[in-house]
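Novice: Chain S is fixed; fit chains R, G, U and B onto it per the hints.
Line by line, the protein sequences are chains S, R, G, U and B. With the numbering used here, the residue at position 24 of the first sequence is 24, and numbering never jumps. With the numbering used here, the residue at position 310 of the second sequence is 413, and numbering never jumps. With the numbering used here, the residue at position 208 of the third sequence is 794, and numbering never jumps. With the numbering used here, the residue at position 54 of the fourth sequence is 1142, and numbering never jumps. With the numbering used here, the residue at position 492 of the fifth sequence is 1751, and numbering never jumps.
Everything labelled a hint here was simulated from the structure, so no lab data went into it. Don't take every hint at face value.
Some chain B residues near chain U, calculated using beta-carbon distances under 7 Å [unchecked claim]: (1) 1902; (2) 1906; (3) 1910.
The beta carbon of each residue, even a glycine, is placed where N, CA and C say it ideally should be.
Residue strings, one per chain:
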Amino acid sequence: METTMIYYLIPTLIMFCCGVYGFLTRKNMIAMLISLELMLNAVDINFVVFNRYLFPGQMEGMFFTLFAIAIAAAETALAIAIIINVFRAAKNIDVTDLKKMKF
Amino acid sequence: MDYSQFLVMKQEIGLLAVFLIVFLYDTFMPKRSLGALGTVSSVLFALFVAYGFCPSVFDSPVETAFSGMYATSAVIANIKTILNIGALIVMIQAMRWADQDLVRIRRGEFYELLLTTLFGMYLMISARHFLLFIIGLETASLPLAAMVAFDKHRYESREAAVKYVLTAVFSSAIFLMGLSFVYGLTGSLYFGKIATALMMGDGINALLVVALAFVISGIGFKLSLVPFHLWTADVYQGAPTPVTSYLSVISKGAAAFAFLVVLWQVFGCVYTFAWEWMLYALIILTITIGNLFAIRQRNMKRFLAFSSISQAGYIMLGVIAFNGMGMAALMYYILVYIFSNLAAFGVIGAIENNSGKVNMEDYNGLYKTNPRLAFTMMLAMFSLAGIPPFAGFFSKFFIFTSAINQGSVAIYVLVLIALINTIVSLYYYLLVVKAMFISDEESTVATFRSACSERFALWICVGGILLLGVVSCIYNHLLEISF
Amino acid sequence: MFSNILIYFVVIPLIMLGGLALCRNIKQIRAVAVVGALALTALSVWLLLDYMQLRAAGNTAPMLYTDSWSWFGPLNINLAVGVDGISVAMLILSSIILLTGSFASWKINPLPKEFFLWLVLLSTGVFGFFISIDLFTMFMFYEVALIPMYLLIGVWGSGNKNYSAMKLTLMLMGGSAFLMLGLIGIYYHSAPEGQPLTWNLLEIVNNASIDKGWQYFLFPMTFVGFGVLGAMFPFHTWSPDGHASAPTAVSMLHAGVLMKLGGYGCFRVAIYLMPEAAQDLAWIFLILTGISVVYGAFSACVQTDLKYINAYSSVSHCGLVLFAILMLNTTAMTGAIMQMLSHGLMTALFFALIGMIYGRTHTRDIRLMGGLMKIMPFLAVCYVIAGMASLGLPGLSGFVAEMTIFVGSFEHADMFHRVFTIVACCSIVITAVYILRVVGKLLFGPVQDEHHLSLTDAEWWERTSTVTLIISVAAIGCFPNFFADLIKFTFSPSIFAVIGMN
Amino acid sequence: MESVGSIIMYWIIALSIVVFSVLTVTTRKILRSATYLLFTLFATAALYFKLDYEFLGAVQIAVYAGGIVVLFVFSILLTSHPGHNSERLVSRRRVLGLVASVATLVIAGYALVSRCGMLCTKLPQMSNPDMKTIGTTLMGSGDGQYLLPFEAVSVLLLACIIGGVVVARKR
Amino acid sequence: MAIPLCMFLILGLLGMKMSHKLAGILGTAGMGVTLVLAYFTAFTYFFSGSPDFVSSEGQRLQYIVFNVDWLQFYDNLVIRLGFLLDPISALLLVVITTISFMVHLYSNGYMRDHHGVYEHGFQRFYAFLSLFSFSMLGLVVATNIFQMYIFWELVGASSYLLIGFYYVKPSAVSASKKAFIVTRFADLGFLIGILILSFYTGTFNFTDFTSAPVADGVYGVSLDTAQGIKNLIAGSEAPIFMGASVLTWALVLIFMGGMGKSAMLPLHIWLPDAMEGPTPVSALIHAATMVVAGVYLVARLFPLYLMEHSAMVIITVVGAVTAFYAAMVACTQIDIKRVLAFSTISQIAFMMVSLGVADPNFHEGLGYMASMFHLFTHAMFKALLFLGAGALIHAIGSNDYTEMHGLRKYMPITHVTFLIGCLAIAGIIPFSGFFSKDEILSACFGNSWIAYLWMSMVAALTAFYMFRLYFLIFWWKEHPVRQGHHTPHDQPWTMTLPLVILAAIATVAGLIPFGNFVSWNGEPYDLFGHFDWSIAAVSLLVAVVAILVAAKMYMKENPLPAKMKNAMPTLWDWCHHRFYWDELYMFITHKIIFNGICRPIAWFDRHIIDGTMDGFAYVTNKASYAIRGLQSGSIQMYVWIYLIGALALGAITAVCIL
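In isolation and in its complexed conformation, chain S is listed as follows (with noise of 0.2 Å):
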């Protein structure tokens, strides 16, 4: 057996999904946020799939990975910060009870 591309890329797809289905069906903020770790892992796992088969020759999927890391790193700091300031507030991070403003 050969272990083409697609053999890399569908579990990547399912952990994007399983980021999606976490992201739509948590009610609490950090198992939200989990979710969305896993959909920006499974897009770096993408960049570095692509690169390794179909540019060998270099190493931008790579470095674009080495950087969305940092980016999700910046941006997880920041939510929970703020999901920590709701928090203080509301004693509770359901985010089901954040639904005042709409219509």
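Specialist: Just chains R, G, U and B, lined up with the frame of chain S:
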């Protein structure tokens, strides 16, 4: 290593310099001198804006740096200057708000974050490489989440921040997914190389279309195109008014231009195959749904949020035009939109700061108590609705003209739909005018004198609304430098 | 730029705006308004005389006093001005109505300053529209003229003013949405391939490069766009409500001048630029306008509000204008323009009188009034004269215009045109019915309301206003050939040669 | 033809990625969810190693697993009360989530599959990028070098720090 | 002619400031001057023998005094205002100015109460009278049909103003309205007729119209100025519309205008109501001048009508039916002015019939001449009757003859003049009516015996109802002097003088050799040479019998009339209610036009058209409300929509493109 390449990035460096000075001033100056922080940063920034009119920047030649990762030209320099002007007005308008007791402690950060997000927008505009573009995009949006959360004592601010940050991160995930497909298809992240690869490649395919849809959705999120707009209203309503105005004009303007650059430079060769039709759908949806929602709004900020959504649809007409006129019209539209919308937000902010009222009912009879504010608001509304002789008319007319220049029958239909939508938009803009001028009820907002800074900012806006259209050289200049 | 006389039609209102902004009390405001309006009237009369002189001297250019200053150069947008007989006539009409309107709103309350500001802004748009020959500036002025209506009706109106003002504004703006598309479309087909595009009417006519397919698309756009303002069926419903709610001077200006913008535009843009489509598609619009002529008249018969009656009568009369324009021949078109003049003046007179009566009795319901002839003879006599003008009494303007239209329309020998002409003719009977109904109920008969007995007759400013209008109406009615010649030149040789008709 | 070891290695990685991802989003305990995320990230790092990107794998472990997950755990501990950490999912929401994710899977999957020629690429030969190359690429200003993003991302991080501080601090 | 206009303007504008007396004198004096001028003009025209007026063969020509362009439609289609002199216009000039002057004079007395106090609006009254005279003169001297139309309208309007003179009285207001609208409706036909005619001929000028058929030579007369109009009108390529030639349509439509003005059935209903106006007005407008405009119109275009036999038949039939109808109705009315009004209708119908039966081959167009002659005599005696009636009304204060009776002793002058009027209209030799009516009957006889019998019957009826009226007013029983009511007496000289003058004219006018002046083609016509004594004798006999019957019934108070009434209740009822024409019209206007058309249209406009426009707004609002669920406030829904949106965007585009 050739670090002299950084010198090409005059504006970015200037902006960072301002940022650093403000940062250092905020951090190290004694507490009692911090009262002048707003003034200091505004003055500094004003100087920086003025720098944008230096010939070397204003007529900046086409230059690239870092092997084409970064580009600048007269157009880019000018759009940055346009954004600067808007940011300056926002800064001036924000002074009063930033001096409030509950915000004062964080006002330094407000200015710092504002400047860094502006830096992010610069990167978005100048980037010719998707990595840089992503970094710019994130720099432009993540700190904004913190700014949205600035009014910690207000529940709405918190809710808005959560909504903003979560959707922003989600959208960037989608965007990145799209990018990864693009990378897989073309093997590069340089705009130029992608374009070449697409041209060389076997044309259009499903993967490219899906990738394109993801990319458009990512930037469409910033532009709040329907259906990627749902965060907009809640965030605008919840955020502090200066942040809302910043979000609605500067952030949107930058995103619009970046969108144009990405679509034209990267995906230009698949215009008719792919994104033309996507944009048709998006524009119609954006304008229509934005308008439909705006009709019912009672909260002024939320109302302007939906209005700005539909305005984004009009801005997109410049993108779909896919010609130099479109670019000029888009820039001009952004410029006019900055002045009009900031005038509206300036009035809202002034009233909110004074009486805490943001609902349309509170504007009833405003003309009797605060005629000047009401008048300014009316000008803003007329300009947004595209009524001559105010600037909004010209910008709308030009953007329609540029779109029709594209020439297909479909574009006529699109423009007709957009035009019919202007009637709906006129309706709700007139609702505000009606509340202020016609409504017989006693005003709940007492007569007051707004702060110097607010008045100054409003005067600038009014001047812009009145003059930008009639003084033709501005548009002519923009058209000249557009390609 | 300031050597051209036409530019002063815009400059004077702008100066008035500035002056009004500085005014401190009602007297100054009146002074500024009246002096400005007088200046405009004088200017337009002078223009008329000069124009006649130039024509008499054998100047046969389609437009006189043409001038063009580059504005948005890269888009070929210029500030181009020029007039022909029609525009001159319209300018005179506008200035007279502005003048009389100023008099009629002598005692406007509240916020007189704002009222006059908006009024003058409106007239700026009107004057600008009539002097422009550049489609862009034309359209700009057109919209400038529309939007002050909203506030004028909304703030100073009466009755269901919010609704009416909104409806009026939205419907008119709806029309201008179509119009804008049409104009931009014309622009992109204004010159043959390879030559620079232009917004200039005259150049577009000379280029004649809009091909037929595009004309079929653009003609309805522009015609409907302007037609909405011309109260074309079925887009007329803003008119009754709008007029009923508007304050006196606004009704006057709106019915007297603004609705003329529609007819003028229909001719100047839709037909002038796209004659072939006009010829082929005229039948559609003939049906619509023919309907509006009769339909408006019938509707007017059963209204009880004075302003509604007049509004529907305006629908009918303005329908006749468009109807005649669509007949596409010299006589009918001349008649159309004369009808515009005539309708403008007499409708303004009507609305002025209604405003004055309403100001006294505080009702516009004809069932609640009666015998006003005894109470306020001056106003009543003026009303009768206006009514007579409206129902086409010879010697007053209505007759001349209608007859010219009918004779012109009858030139078409086919069944379709004939039938519609006769249908339109029927409107003169119906007009008589509703006018006499009003006159009978309102002015004659016994006094209905005892309180009315204590009311006074017209004040001097009201007399000035009405007498000016009556004199103008009678002038057209008695010396029609003067006006017909003024107008006819536009239609006679050049246009029809260019657009290949007759 | 790859070695059997490498294939087995692949299957272990792939299965753990899939399984742990699913577990991450389906488990009802939030702390467990974080733990499964950690495993997923480890598996990802392993995948990087397998694809010869050792540096990237190391960064993945250090930053993601070491930094972010710890951040998650802290914040979970900060925000959740004992015994209150399980949540019941509403079925409607679950359906919506499933629809969205399956739709994503189908559409993105179809898009990928439509390029099957590309997908069946075999693993080409590549020399591991050494640290020097990575260093120059990161700090160079030439084609395919990343000095500018590197500088830019520093601004981003600074801004995020400022933002985070502003939001998170008590006053 | 300009004088009345000036008077109108002066009186209208300055009247308020002027004393009543001055206004009256000014108006009368102005009219007097006009009268003199008109007489001079007519005299010159008829007797000077200048070649402008009379051709070498003694034929009277049409002479255009002046003609200015008023409004130009096309190069050759021009409305001109001018002054056309020919026999009939000269005749009408005389008639109008005479009557008008009499009425002006008379009104000086009439428009005051018994104490000499002027009525409210006295100046206005004179202003309107002057306006009317001006318009009427303009009408008769019109050089082209459009000028005629213009003044036609003006006449209508001034008639409207005069009928509605007592504007406080609702009945007067509605009568004036009715008059205007009915005639307006007729004018619509007139206008369309003009349009048709002018379109096919390319001209408005009467001279062009009238010379064309003559040029044809059919009737043995030819003019040099043969024009191509003929071909356009009735040439072989003459267009046909709905089975009739265009010319027929045009002429019938124009005749419709005449029907309206001359109150022919079925457009007659306004005339009886028009009696709401002051009596001098009725005399001037609704008896002598305006109502004959229709006859005048037909006479003007007579050569054209000659060419269309069917149009002539229509005229005859309409005239005959109207004459009979009006005579029947007149027998049963109790309001003296209404009786006179119906008698007017009947007499005008006589003229119409006369025109309709005129045939150049019989007595060289006797009917035409007879019609004009009758027009002239009728104007005189009918004005006399009206003015007399006015004097009675002024004296009694009521229109109703049941309040009069037996006045012969109190008002001798009025009595005698009224009697002369009655004799004239009844056609008793030697009063003027005898001659003119006899001519008409002769003409009818020449056409067909049915017409002759029919018209003779009408003539008998005429005599009957006139004398019924006369006896009821002046005889029947003694005048009941009621309490607080002063004795009726003759009126001041301003009122009696016109009566006397008119009576004199009515007596002798029949002896004028009328044919010398007026004939259809301008050639002198020997009236007495064609006088048919047998017919005259028959008609005289008929009239005398009718008078005797009337005398029998009404001379003394007796139950005969009541018996008659009871004998034929239905007929009487129908006659009394004017055959329910008014009710029919009320039904049509109110039920059908107002309730059946106007209201539905107004409703349609408000609810359907406007409703559609409002509906757009409503739908927009509803849509806005309906989609608000999108903005549910939940982040996850937002994101879900976002994702689905992005996917759909990609998927749909992919599906569409690939």
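Novice: Look at each hint and say if it fits the structure.
Specialist: Comparing the hints with the structure gives:
no., hint, verdict
1, 1902, "5 Å, holds"
2, 1906, "5 Å, holds"
3, 1910, "5 Å, holds"
The structure shown violates none of the earlier numbered hints.
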